[in-house]
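Given the coordinates of chain H, assemble chains U, R and B onto it according to the supplied hints.
Chains as they are written, first to last, in the numbering used here: chain H, 330 to 639; chain U, 16 to 253; chain R, 474 to 1021; chain B, 124 to 225.
Simulated from the structure, these hints should not be mistaken for lab results. Note that the structure is a prediction, hence the values are computed from the model and not measured. Hints are not guaranteed to be accurate.
Claimed, not checked - To list a few chain B residues with every Cβ distance to chain R over 12 Å, as calculated:
1) K126
2) F129
3) T132
4) R135
5) A138
6) G139
7) R160
8) T168
9) E170
10) D188
11) R199
12) S213
Claimed, not checked - Pairs of lysine-lysine, PhoX-like flavour, derived with a Cα cap of 25 Å:
13) R:K681 / R:K1017
14) B:K126 / U:K170
15) R:K1017 / H:K523
16) R:K911 / R:K569
17) H:K523 / U:K170
18) R:K648 / R:K569
19) U:K181 / U:K170
20) R:K770 / R:K745
21) H:K437 / H:K402
In this text, a Cβ means the ideal position worked out from N, Cα and C, and glycines have one as well.
For reference, the chains in residue letters:
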Amino acid sequence: MSERIIDPAAKGWATSWYEASARARVDGLLDAGSFREVIGPEQRRMSPHLPLFDLPRAFDDGMIVGSGRLDGKPVLVAAQEGRFMGGAFGEVHGAKLVGLLRAALALKPDAVLILFDTGGVRLQEANAGETAIAEVMRAIVQLRAAGVPVIGLIGGRAGAYGGGGLIAGTCSRLVVSEGGRISVSGPEVIETNKGAEEFDSRDRALVWRTMGGKHRRLTGGADAYADDTVAAFRQAALDLIGRAPAFDLATLEAEQARLEQRLTRFGDCRDGTEIWARLGVNDPEAVPALTTAAFDTLLASLGETTHDAR
Amino acid sequence: MTLAEILASLFPEGHSVTVAEGLVNGEGPFRGGRLAVIGIDGDTALGVDGACRLAGYVLDVVRRGGATPILVAIDSDSQRMSRRDELLGLNEYLAHLAKTLLLADAHGHPTVGLIYGHSAAGAFIATALATRVLVGLPGANPSVMDLPSVARVTKLPLDRLEAMAKDTPVFAPGLDNMVRTGAVQAVLDPGQPLAEQIAAVIDALPADDTRDRAGRERGGRPVAEAIAAQVVREAALG
Amino acid sequence: MSGWGRERAARDARIEAGRAHAAGKVVTAADVVALLEAILQPGDRVCLEGDNQKQADCLARGLSQCDPACVHDLHMVQSGIVLPEHLDIFEQGIAKRLDYSYSGPQGARIARMLYGGQIELGAVHTYLELFARYFVDLTPNVALIAGVSADRDGNLYTGPNTEDTPTVVEATAFKNGVVVAQVNEIVDRVPRVDIPGDRIDFVVEADKPFYVEPLFTRDPAAMTETQILMAMMAIKGIYAEYGIRRLNHGIGFGTAAIELLLPTYAERLGLKGQIATHWALNPHPTLIPAIESGWVKQVHCFGSEVGMDRYIRERSDIFFTGADGSLRSNRAFCQTAGLYACDLFIGSTLQIDLAGHSSTVTQNRVAGFGGAPNMGSDPHGRRHPSDTWMKAGREAQVTGDPALMRGRKLVVQIVETFGEGLVPAFVEQLDALELARKIGLELAPVMVYADDVTHIVTEEGIANLLLCRTADEREQAIRGVAGYTEIGRGRDRAMVERLRQRGIVRRPEDLGIEPLDADRSLLAARSIKDLVHWSGGLYEPPAKFRNW
Amino acid sequence: MEKLSFRHTTQRALAGAKAQAITGVVASGNLEVLLERALAPTECTVEIETPIRGYGEVWAAVVADFVARAQPGGLRITINDGGARPDTVSLRLLQGARLMEV
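So that you can see chain H by itself, here it is in the shape it has in the complex (with noise of 0.2 Å):
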């Protein structure tokens, strides 16, 4: 399964990560070729639940793992397919992730690079999505210690909620597109607990202003920022494999201070703008309509949000 799905130079438009499938962006992430898949869709490892509810399955269960080389460079590969039941964890999806993160331990790869697409925990496998979401993290964190970097991936539809979004916070390095959501509660899911004046999820602009990429990047939630094609996405990862901060208490404290410092200087902002103001954006309201140039320019000129401590 390594054939160029997309072939950039014959359509003239780079492939919009957004909208590519996760199979077409591990193929495009990856060096041509390269990718190798492990529990591939032939073996039909489909979740043994769905079907009591009556819902389809997938041949991959919406998550596809295995290996390949960026620039040369050997790496493993999770990614989540976000049309896929929202690229929710279920039992299989969440084991294979599990199992190719305790297989780098062993294997020692230059990265493992989680493509994130997903809505959080498969309501209908809920207490295994979620107990394999706390498998991930563990798992994380050992590889971590032990030196491998895992570069997060967020530009998908799904973004990154839920238990995805505590998995990408575990993460070593985080590259997020504009269209990349990272958040626990989804903007629905506050608007259905917590009412329309708390959060009206219809303001899709509001739901960037809070979640979306450029927020998070600016705030330093994710380490790099791409523009929203497989291409940015791949440089963006290499860029950062060899920027990794270890985990050791260092970074974690260093992390403590920096998470204390962000709710003494933004506890009381009520909107994204006033976070971006506060952090010297000139024009705040200006900021969701920048290009990726502008906003890099804007990135470049305010230091504190490039850090280490994650």
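Frame of chain H; chains U, R and B shown alone:
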């Protein structure tokens, strides 16, 4: 059991554990040393402020060194659902809290989760599920989502879900189902002193993450272990 | 008093009564109910401006709060039944009879009320018909209209959404009626005078800006490969073939896909300047890439579109704008343009029968017509030729002396064979017939009649109905593009093949189109954000369409 | 879920030597198609799992047209359907066959 009863059973000689705004912190004498306790009480939702404080407590224990075990006692709501929490990056705070517990474990502090009330979703993952071993007390009620909410989202009738929940531990809320999934290793006996039971749990800490094996043995997660093992077997750098 | 000025005197009396609640012409939002109770009389014909887009919502709320003992049995004559208040007044007894045109968002409720006899229905019109009747036998006694701003003399600025206002005011003010305008603000000087003050009797400063729905915004992110394939076929098999320059598009995703393929696919076919240059169209955001690429020469608009104002202002070479720079739309004129000056209408529908009649009515909804039947019809009064019109005329069956042949307007239905929830678009019998029977309509609500339709485009191919010579050929041509619906599977395969030989049914491969090439990468914009970029930041999409 | 299964004989084997391919995603209105070169050169099977019941005749027609058009001899085709419309099914089948011809 209430938190006070738990603490009394753990620390017959007294302790310094306090609860403020639902956050639990302190310690007590334990097997000639100390047992640190952090946690959430009173079905409190875990937001950015609480997660940050709990993480600070864990780092304090690690900084003090030794091999002080950490008990994470949980009766919480889910993560706090608010615009402010998400604006400030709740995922980073919850992940940070989990990471501090995992770091403590790596630094030789045995970490034990104890769920004695409710817990759900992000709050559960960031606390009790981030320990080396999680045990429960009868009456505890971990859940990802209650059945009426599941019914709403899946558009399945509640009575059918209730019937399915009886023999499908993979999705149904409740302590027994989390035991069968392997997330909760054991249920303690509230009639016996907890100090000895926790000590026994610490003495038997598994070296690796054995939750998926337990899930297979107990029937709650029939295939996870085999899938993960197959990936470990077959993955190779190319 | 002479016997020839009674209407004028009655009008003066109404205005006099209304002045008690006004300072000059100006009325506060709090006094709307008192004003309306003063100027309205039982049985009045009232136009409560509800257009396709903008709504006189403050006045609608006021009317619905009037005392039915004082204001009752009104005869509402308005194009749009859009707000809940538009129907509340019938339940309250304030209004009794209705002549209207379009009821999209209230389609289900209006069906129930018609069925329950709560509304005495005159007729469901097209826009142009209703506008025409304003000047013949449905002239309003009172018009309640909406604008952006007014001065104290009543000079009115309608803003980019002028829509129906000039027509309504023309009919009312010049035939002894009273005109009340709600405006978002009272200003010393309006940006431009859309309606002179001597036609406006009262100005209400509304409690909040009038509501406008973004009806014409189609998110490219939701466009499917199937819609792209249909758009490719339409461009190559119809636009290029007939050299269509003057046209109108419906609001569906299929036509939006055509707009987004102009600067890419159509450009590669070398069609720039040959097709799609002059438009009667609302300012569709999906037309921005074609405009920016130099495809479009001119666009006249029925109304505006939320978020497009700044863009239009900066593109006055393309759009009709006032001295102040903002868009001047006008529904009556644009409908006329679509009817007489366009060579093609292309739009979507929900149901097509075996003869080619189509309807957007489903069993429980009366959505009305709006303008589609005028756009989607062959105007027999047209007398100017064009190459497109004449070519279509030659393809149609000519009876009698060929020297007396006239042209044909192209009326194209572009539909996916299955809609939402696997509901087939091709049916034995239109639901409209059953609905008409159920609620006692004399005329079944058919959107486009079979004799007006010239082509049907589906993902399976194009049926050219002009070239059909018998009813049987027509039926098989329709079945021949009806895909896997029951209608499609019921085709006579041999006959469809014969129709294919004659070019009546054309498959993608007959047009040199490879279905697997129908890829989203062909779209000039794949997201709303792309449209913003194309516009140079001038397009400001509403919040619900943003994902950044 | 409804399970459907079709077996066809083709005039020839599908070109190319690719062993397997997958296209599409199981999502609302979409489907995934797994194609494996696993049968005799003039055999083709198509197995389907779909949550929408009662469309067996439509599936039969879509599959028959595909087989006639693509001559996918040698292929075992398995479909997980998410409620796709027939035109989408046709498109995915043709996409899948093209991937196998590489």
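Hints versus structure:
Every beta carbon of chain R lies more than 12 Å from that of K126 of chain B, the smallest distance being close to 18 Å; the non-interface claim holds. For F129 of chain B, the requirement that its beta carbon stay farther than 12 Å from each beta carbon of chain R is met, with the minimum near 15 Å. Chain R leaves T132 of chain B outside its interface by the beta-carbon criterion, the shortest separation being 20 Å against a cut-off of 12 Å. A cut-off of 12 Å between C-beta atoms confirms that R135 of chain B is not in contact with chain R; the least separation is 20 Å.
For A138 of chain B, the non-interface assignment is confirmed: its Cβ lies about 15 Å from the closest Cβ of chain R, beyond the 12 Å cut-off. For G139 of chain B, the requirement that its beta carbon stay farther than 12 Å from each beta carbon of chain R is met, with the minimum near 15 Å. Under the 12 Å C-beta cut-off, the non-interface status given to R160 of chain B relative to chain R holds; the minimum distance is some 20 Å. At the 12 Å boundary, the C-beta of T168 of chain B stays outside the reach of chain R, the nearest C-beta of that chain being 21 Å off.
Separation of E170 of chain B from chain R is adequate, the least Cβ-Cβ distance of about 19 Å exceeding the 12 Å criterion. At the 12 Å boundary, the C-beta of D188 of chain B falls inside the reach of chain R, the nearest C-beta of that chain being 9 Å off. A cut-off of 12 Å between C-beta atoms confirms that R199 of chain B is not in contact with chain R; the least separation is 22 Å. The Cβ of S213 of chain B sits about 8 Å from the closest Cβ of chain R, inside the 12 Å cut-off, so the non-interface label is violated.
For the suggested pair K681 of chain R and K1017 of chain R, the alpha carbons sit about 20 Å apart, so the restraint of at most 25 Å is met. Our distance criterion of 25 Å between C-alpha atoms is met by K126 of chain B and K170 of chain U, whose separation comes to about 22 Å. Using a Cα cut-off of 25 Å, the hinted pair K1017 of chain R and K523 of chain H holds, with the two alpha carbons roughly 20 Å apart. With a C-alpha separation of about 20 Å, the suggested pair K911 of chain R and K569 of chain R falls inside the 25 Å cut-off, and the hint holds.
A hinted pair counts as satisfied when its Cα atoms are at most 25 Å apart, and K523 of chain H with K170 of chain U qualifies at roughly 21 Å. Pair hint K648 of chain R plus K569 of chain R holds up; C-alpha atoms about 23 Å apart against a cutoff of 25 Å. Of the supplied pair hints, the one linking K181 of chain U and K170 of chain U holds, its CA atoms being roughly 19 Å apart against a limit of 25 Å. Of the pairs offered as hints, the one joining K770 of chain R and K745 of chain R holds, with about 11 Å between alpha carbons and a cut-off of 25 Å not exceeded.
A C-alpha spacing of about 11 Å is found between K437 of chain H and K402 of chain H, which places the hinted pair at or below 25 Å, so the restraint holds.
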